[in-house]
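Trainee: The chain contents come next:
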Amino acid sequence: EAEVAQSPRYKITEKSQAVAFWCDPISGHATLYWYRQILGQGPELLVQFQDESVVDDSQLPKDRFSAERLKGVDSTLKIQPAELGDSAMYLCASSSFRQGNYGYTFGSGTRLTVV
Amino acid sequence: EDKVVQSPLSLVVHEGDTVTLNCSYEVTNFRSLLWYKQEKKAPTFLFMLTSSGIEKKSGRLSSILDKKELFSILNITATQTGDSAVYLCAVGNNYGQNFVFGPGTRLSVLP
Chain E
1 EAEVAQSPRY KITEKSQAVA FWCDPISGHA TLYWYRQILG QGPELLVQFQ
51 DESVVDDSQL PKDRFSAERL KGVDSTLKIQ PAELGDSAMY LCASSSFRQG
101 NYGYTFGSGT RLTVV
Chain V
1 EDKVVQSPLS LVVHEGDTVT LNCSYEVTNF RSLLWYKQEK KAPTFLFMLT
51 SSGIEKKSGR LSSILDKKEL FSILNITATQ TGDSAVYLCA VGNNYGQNFV
101 FGPGTRLSVL P
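One line per chain: the protein sequences are E and V, in this order. Going by my numbering, the residue at position 1 of the first sequence is 1; the numbering climbs one at a time, nothing skipped. Going by my numbering, the residue at position 7 of the second sequence is 7; the numbering climbs one at a time, nothing skipped.
Hint data in this document are derived by calculation from the structure and do not stem from the laboratory.
Incomplete in silico selection of chain E near chain V, CB under 7 Å:
#  : residue
1  : Q41
2  : G42
3  : P43
4  : L45
5  : Q48
6  : L91
7  : F106
8  : G107
9  : S108
10 : G109
Chain V regions said to be covered by chain E (calculated; three or more residues, Cβ under 8 Å):
#  : region
11 : 39 to 51
12 : 98 to 110
Where is the CB? At the ideal position from N, CA and C, for every residue including glycine.
Bound-form chain V, shown alone:
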């Protein structure tokens, strides 16, 4: 059974700090890994990763995948209060077209 583990489950930082969120997975025939940001409503897409070692970057957010060690990290630099959210990691395999989600990391950025 496919499985996604995220750590930490909760994190409190101050504005300006840099954070690293972790996602490890077990999946048969891996296809892709997704990162989503969820505030008080539906998750919004951040990144899709399919290849090891290639960093995806969007502003202060970046993510990288290690398919050998079966994990991904999401980095946020110079955090702002607007980064406060739950960050979800999801993995998909080649057998179907759905994704298994992790429990999320709840990030709180204090002013």
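The shape of chain E in the complex, shown without the other chains:
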């Protein structure tokens, strides 16, 4: 079964350092999402891509977060500088709505701990 690949699985970083996460969606999925899930809460959308274009980044803290999907396939989410409050699970998901699928598939996530 096709999967959404994410790396790394775990990341510990010191505050004020830079950190980056990578996501490779299911092949052929045009829509890619980055979600942040703080412990005990539901996932919150950070950014949504349609191919290489950003569709929604209204909840992305743009002073420190950036996301790109240059070729419309894999994507990178960066935080610089990291803050203690950024400790969370970062989930990537992809979907192909053209195939009539109104749900999406999540990757295994990157658990970030900022110390």
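Use these hints to put chain V onto chain E, whose structure you have.
Mentor: Using the frame of chain E, we list chain V on its own:
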């Protein structure tokens, strides 16, 4: 702003019990509601509901949507310890292709 509320937030039962998890929502131009199960990693898809009154069923799990009253329930019968997880509800509208998630219900099934 779209909103999803889940209840209870936490629930502890014993094996064999039946549980009902609730999800209510406010969304402009509703399209679909999703249920996910999340153990220690990424959420895994359970059900997608788009029409009122049509029960979706998978083994001991079932779910139904009421678009008039704006809620959905997820039922689990004869619970097992492996059902222990956070159950997430999410709703999507017709304006975009993303979903708003609720806070989840943490279910603990004791042996």
